[in-house]
Structure formats: structure tokens, C-alpha cells
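Visitor: What follows is each chain in one-letter form.
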Amino acid sequence: MNHETRGSPEVLGAVQQSGRLMRWLNRRTGVRNLLHEGLAEPIPGGARFAYVFGSGLLFIFLSQIITGIFLALYYVPSADHAHVTVEYIVKEVAAGSFLRSIHAYGSSAMILLLLLHITQTFLYGSYKGRRELLWLSGCILMALVLGMAFTGYLLPWDQKAYFATAVGTNMASEVPLVGDFIKRMMRGGAGMGTLTISRFFVAHVFLIPGLIFAFMAAHIYVFRKAGAAGPIHENPVRPRMQPQPFYPRQVLYDLAFSAALLIALGLLGHYLPFELGPKADPADAQYVPRPEWYYLPMFQWLKYWPGAKAVIGIVVIPSVIASLFALTPFLDRGLERRPWKRPISVGLYSLTLLGLIALGVISNRNDRRDPAVLQQLARQEKATADFIAAKFEPEEASRTGVPVLSPELEKGKALFSSLACNACHRPDGGGTAAGAKLKGLGKSQDQIKSLLLTPTKSMVAGGMTPVQQPDHDLAALSAYVASLK
Amino acid sequence: MNTNQNEGLLTQLTLPSPPRRSFLGALLVVGGGAVSALLTVPLVRFALHPIFVKTTETSWSDIGALSDLDPSAGPVRKAIQVEQRDGWRKTTSEQSVYVTRDASGQLRVLSSVCPHLGCTVPWLEEKKEFICPCHGGIFSSDGTYRGGPAPRGMDWLETKVDAGHLYVRYQYFRQLVPTREVMG
Ligand code: FES
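Protein sequence lines correspond, in order, to chains A and B.
Position one of the first sequence corresponds to residue 1 (the numbering used here), numbered consecutively onward.
Position one of the second sequence corresponds to residue 486 (the numbering used here), numbered consecutively onward.
Next up, chain A with everything else stripped away, as it sits in the complex (with noise of 0.2 Å):
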């Protein structure tokens, strides 16, 4: 607050007032040191907005947690229930579409965000400088961003998620002695079904944002120790330009940033709603999965792998290529940051980028070119335009206690129910405030036949009345007491 401000007494009094809460705060809290720890940073060379990306990840990630929570209060992760709930959130909840959109696109602008962010921190040598443990858990966080896409994507349970969920648990079996072992304790089984969803939505839920929290706390935690590395000209280790603090500049970056990435979800949501297809077939031989843009690369690159060589394609390559990419600070050493200076490490980034970028553009045109291919998704598009058209029909609740009955059963039932048996005890065995319970009696049918006839003293005593009717309907409605379970 601002002492300066020659006020009226009421506006200096709440001043002081709210002076008077701060200090009370900040002698149980220290509140006033964290906030000047948290917002005097100092940035070498001042603000720029080539530092918004790490920001931007952190306020996406909050936004979905946020958006996530919102909708688990609808969603139900069982293969019976998954897809129906979705569409319920998408087709009748109040603004449903709309945040799951902006969770669903929020999960390419994380992915997003994680390139450039990389991009910048590789271009800017911003990992050099002993700053090793910070590149790993960004590796780490990495990785962890990426498991959860794929986590989520399963979870609303339609064809495309079933099946490129199904293309890419299947991957994991390629690993050497082990694969089959992760495929199945990805999926819980050898095959797809409701124990991968409960599986995933664990994942998805609770243990990658532990981990990702946690990944978290030790990045910001490290960059702070190691301090911002500035621009490419500033010394990694020992800063020498004017440094700016991190407030108010630098947030106002970060939050304008933070903002319009939030705006453009916003937009993408409510004018091209994330698309929900026709609830999973496995039965389906003809659907052609194809997986989410920033799977495409790697989807793509398994096609030059077949039979023997795929543990080569899959396992050894992206291991060398992702141990080269972890170890990167041990590797490339030297404080030198401009990027045309290191022309091995960007070169090699550059390439890595390129091809798969390259990957993805040739599996886009490998299947603008394959007629067959073409048509396939120009169905399973008219597929996923048409359910998304379609009405939401709420799923039918299995009929408890309402079994298919054998015609004397029936004839029992519908006897219950017109002698008013049922104004006391429940038609499916249950007992009232009235009546006593009668399933799982245990007694014969003709055992209660003869009750029915004559009941004991304490059953007149509860209000029982002898049923006086003809023989064979007293048979069917003993039969139908007898068979209530």
C-alpha cells in the first residue's frame, strides 16, 4: 500500500487498517519476505518476452487442474459409463462443452508451450551454468506432461480414443523382455477395457499431477538457487547486466501471455467445440486410428520399423536420442550461449525438431494420398459430426429387483400387487414401516402358502389378514414370495 496517498480519513483509516491485517499476517506467516523473495527476482537484462513460456505452462496446468476437477463432477471412468458421461458434459451440462474443450485444447497448448519453452531455454544455452538438476527436471516434467495427454485422451472412451490408446499401449510390448509385462499393466489385462480406464484415470488424476507438482516445487525450486539466466550475451554463472525485478515487468509479460493463451482456448472452444466421437467399438476392423498431432511424429516413424528392426525404431533410437537430450548440460559445457557459437548442440536440436515435424507432415499427406485411407476418415468424420448432431438419449439404469419372470411368477407378481400385498411389503421383497420383509425368508413355497392361509399370532398381530383366494392363485403368489431373494 501506498502511504503516500493524501486521502480522505475514511481512505487513510482503511489503510492503516489493512496495514495494521499485514503486519498482524506477516509476524504469523512472514508473508512480506516470501512475496519480496517471490517478486524481487532479478532478471539479468530485464524483462523480455522470450521468458513467458515457463509462466504460461503453469498457468495452463492451473487452469487444467481447475477445468479437470470441474468436470470429474460428471464424469464416471468405467468402460459403461465413460462415454455417456462425456456426452452428457458435452451435449446437456451448462457451459460442458465449452470447459471440456478448453481441457482438451488445453492439453496441446501444455504440449505446445513445452516446445517453445525447450526451444528457448536450448537457443538461449539457458541450461548452462550449473544448472543440470534444472534441464532434468524440466526432462522429467516433460515426460510427465506427455503421460498425461496420453492418459487423458483415453478417458472419454470413443473410437478414437480407444483405439490410438490401443495402437499406443500396444508400442510398449516391443520393449525387449519386459514390453508385454508394461503392456498389460498399462491396460490392467491383455486387453483393452474397463480396468485401462480405472487405470488411466488414476494416472491421469492423481499420480502424474503428484509427480508433476512435486517435479514442479524442485524446477522453480532449482531455477530460483540458479537464478535467471538472461540473455544469450549474459555471463550463465556470474550475471553482469542490470538485472530488473521480477515485478512488476516480467509478471505483467507472464500474465498478458498467461491471458491471451486462456483468450484463444476460449475462442477454440466456443467456436470449434473439441469433437466427441461414437462411443469405443472394439469390434470395429475398419476404423483407422490416428493419434493426436504431437503423437503423429512418432506414430509416423514406427511405420519404417516392421517385425525385427521395430526394437530399433521404438527402444533404441528414441532412447539414444532422449539420453543425448537429458544429458544435454553435461554434454555441451562451455559457457558459451549464442546459439550460432554452438553449432553441434543447435544443430542437433534443429535437426531433431525438423524431422519431426517432417514425420508429421508426411503421415498427414501419406493419407491424403491413399484413397482407402481417405474415405475411412471421411466416414469415421461423418461418424463423429453425426453423434455429436445427435440428441442426448440418457442411459437406461438397470431395472433392480425387476427380473424376467415365468408366467405363474408374473401371474404371482401381478396378484401382489392387486391384493395389495405391496401396500405393506415392497415388491421386491423389501420390507416397509408397515410390513415385514419377505426375501430370503427362507421357507417353502408351500410352506408360505399355508402362512398366507392362516398366518401366525405375531403376523396378525403386525396387521397380516388371511389371503382368501382360489387355490391355484394362492400358488402363484407363494411361488412369487418364495422366489423373492
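Because the hints were derived from the structure by calculation, they are not lab data.
One or more of the hints may lead you astray.
Label pairs and their calculated CB-CB ranges [stated by the list, open to error]:
#1 A:L35 x B:V529: 47 to 57 Å
#2 A:L453 x B:P634: 24 to 34 Å
#3 B:I536 x A:H270: 21 to 31 Å
#4 B:I536 x A:S18: 33 to 43 Å
#5 A:S108 x B:V529: 47 to 57 Å
#6 B:S625 x A:A383: 31 to 41 Å
#7 B:S521 x A:I357: 29 to 39 Å
#8 B:V529 x A:S444: 54 to 64 Å
#9 A:L327 x B:A511: 21 to 31 Å
#10 A:S323 x B:G516: 52 to 62 Å
#11 A:L327 x B:G516: 12 to 22 Å
#12 B:S578 x A:V178: 44 to 54 Å
#13 A:L453 x B:G633: 51 to 61 Å
Even for Gly, the Cβ is constructed at its ideal location relative to N, Cα and C.
Position chain B with the ligand relative to chain A; hints supplied.
Guide: Just chain B with the ligand now, kept in the frame of chain A:
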């Protein structure tokens, strides 16, 4: 965090002067507020959806063809299938109603739930009365209160005729009150 590599820098830092700081602060608050509103409004609507939309509303149940219904001899008991929306699913339950005629001869459909404490009320043909087996509430053939502990007559249900069929909207009513009040 206090052994910052850049700690030396912290001392050189000067935070912006107060007026400028409060302007930027205000900008942050306004900007942050606008952004959070973008998400908050749909979130609130989303969470409150079931409270404002009647997801438990019941639909019309078919009683049968009008030509098959002849309550002139007295109330006829009919079993109906009641479909009820429960969020993203619907449940079907069997309920019983009476088709009868009111004093002016109009068709009337009565709920068989006793307005006293909710027992199912049977029609006793020999007595020409509805008599509740639980506490002896008595109602005439059109459901009018005749005696016993019930606070009102039997409850009539909304009906409509469509293509020669009689439809009823099955509802529950509050017990133990003198007026017919629909329950949520
Ligand atoms: S419940 Fe019918 S009279 Fe009490």
C-alpha cells in the same frame, strides 16, 4: 532460497517507485480479474447445472388406450412405467395408479400413495371405498377424503390424451400436509 547466486544483485535492485507500482498493480488486478472471470463464469454455470435444470423431471407414462379404460364400475388399478431422469441416466420404475371418474363424470387419475404416511391404498370393491391398510384412511371412489388420519384426499395426477391413449405424469406429493404439494 536465501543463498541466491545472484544475491549480490538483490541489493542493487530498486523496486519501482510507489505511484508507478500501484498503477501496474492495478493493471495486474484488473487483468487477472478479467482472465479469471472468463473461466469462473462457465465453471459456476457448469457446477450449478443440476440445481437449475430439472434433471429428475419425470416424463409422461402411458396408461393405455382410452377405449380399454372403463372406470364406470369403480376405480381401475393400472400399473405404469415411470421413466425418471437421473443426470446422465434414466431409471424406469413401476408404479400403480387408479383411473376413476370425478363427480362430474370426468376421467381422473389418482396416485395410490396414501397422503398420510405413504402406504399403497387398495380399492375395496365390496365397500366401494379406498381404505388404507396402514392406519385406516378412507377415501371415496374419486379420492375425496372420508375419514381416518389422512390430512387430505388422495392425490390426482396430471393427465393428457394423445392419439387415443391416456398419459399421466407421475409425481410424488408431500405427506401429512392438508394441501397437495408436489415434491421436487
Ligand atoms: S398411511 Fe394411509 S392412513 Fe396412514
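Visitor: Does each hint hold? Answer for all of them.
Guide: Here is what the structure says about each hint:
no. : hint                        : result
1   : A:L35 x B:V529: 47 to 57 Å  : violated (29 Å)
2   : A:L453 x B:P634: 24 to 34 Å : holds (31 Å)
3   : B:I536 x A:H270: 21 to 31 Å : holds (24 Å)
4   : B:I536 x A:S18: 33 to 43 Å  : holds (36 Å)
5   : A:S108 x B:V529: 47 to 57 Å : violated (25 Å)
6   : B:S625 x A:A383: 31 to 41 Å : violated (58 Å)
7   : B:S521 x A:I357: 29 to 39 Å : holds (35 Å)
8   : B:V529 x A:S444: 54 to 64 Å : holds (60 Å)
9   : A:L327 x B:A511: 21 to 31 Å : violated (46 Å)
10  : A:S323 x B:G516: 52 to 62 Å : violated (42 Å)
11  : A:L327 x B:G516: 12 to 22 Å : violated (40 Å)
12  : B:S578 x A:V178: 44 to 54 Å : holds (51 Å)
13  : A:L453 x B:G633: 51 to 61 Å : violated (29 Å)
The earlier numbered hints that this structure contradicts are 1, 5, 6, 9, 10, 11, 13.
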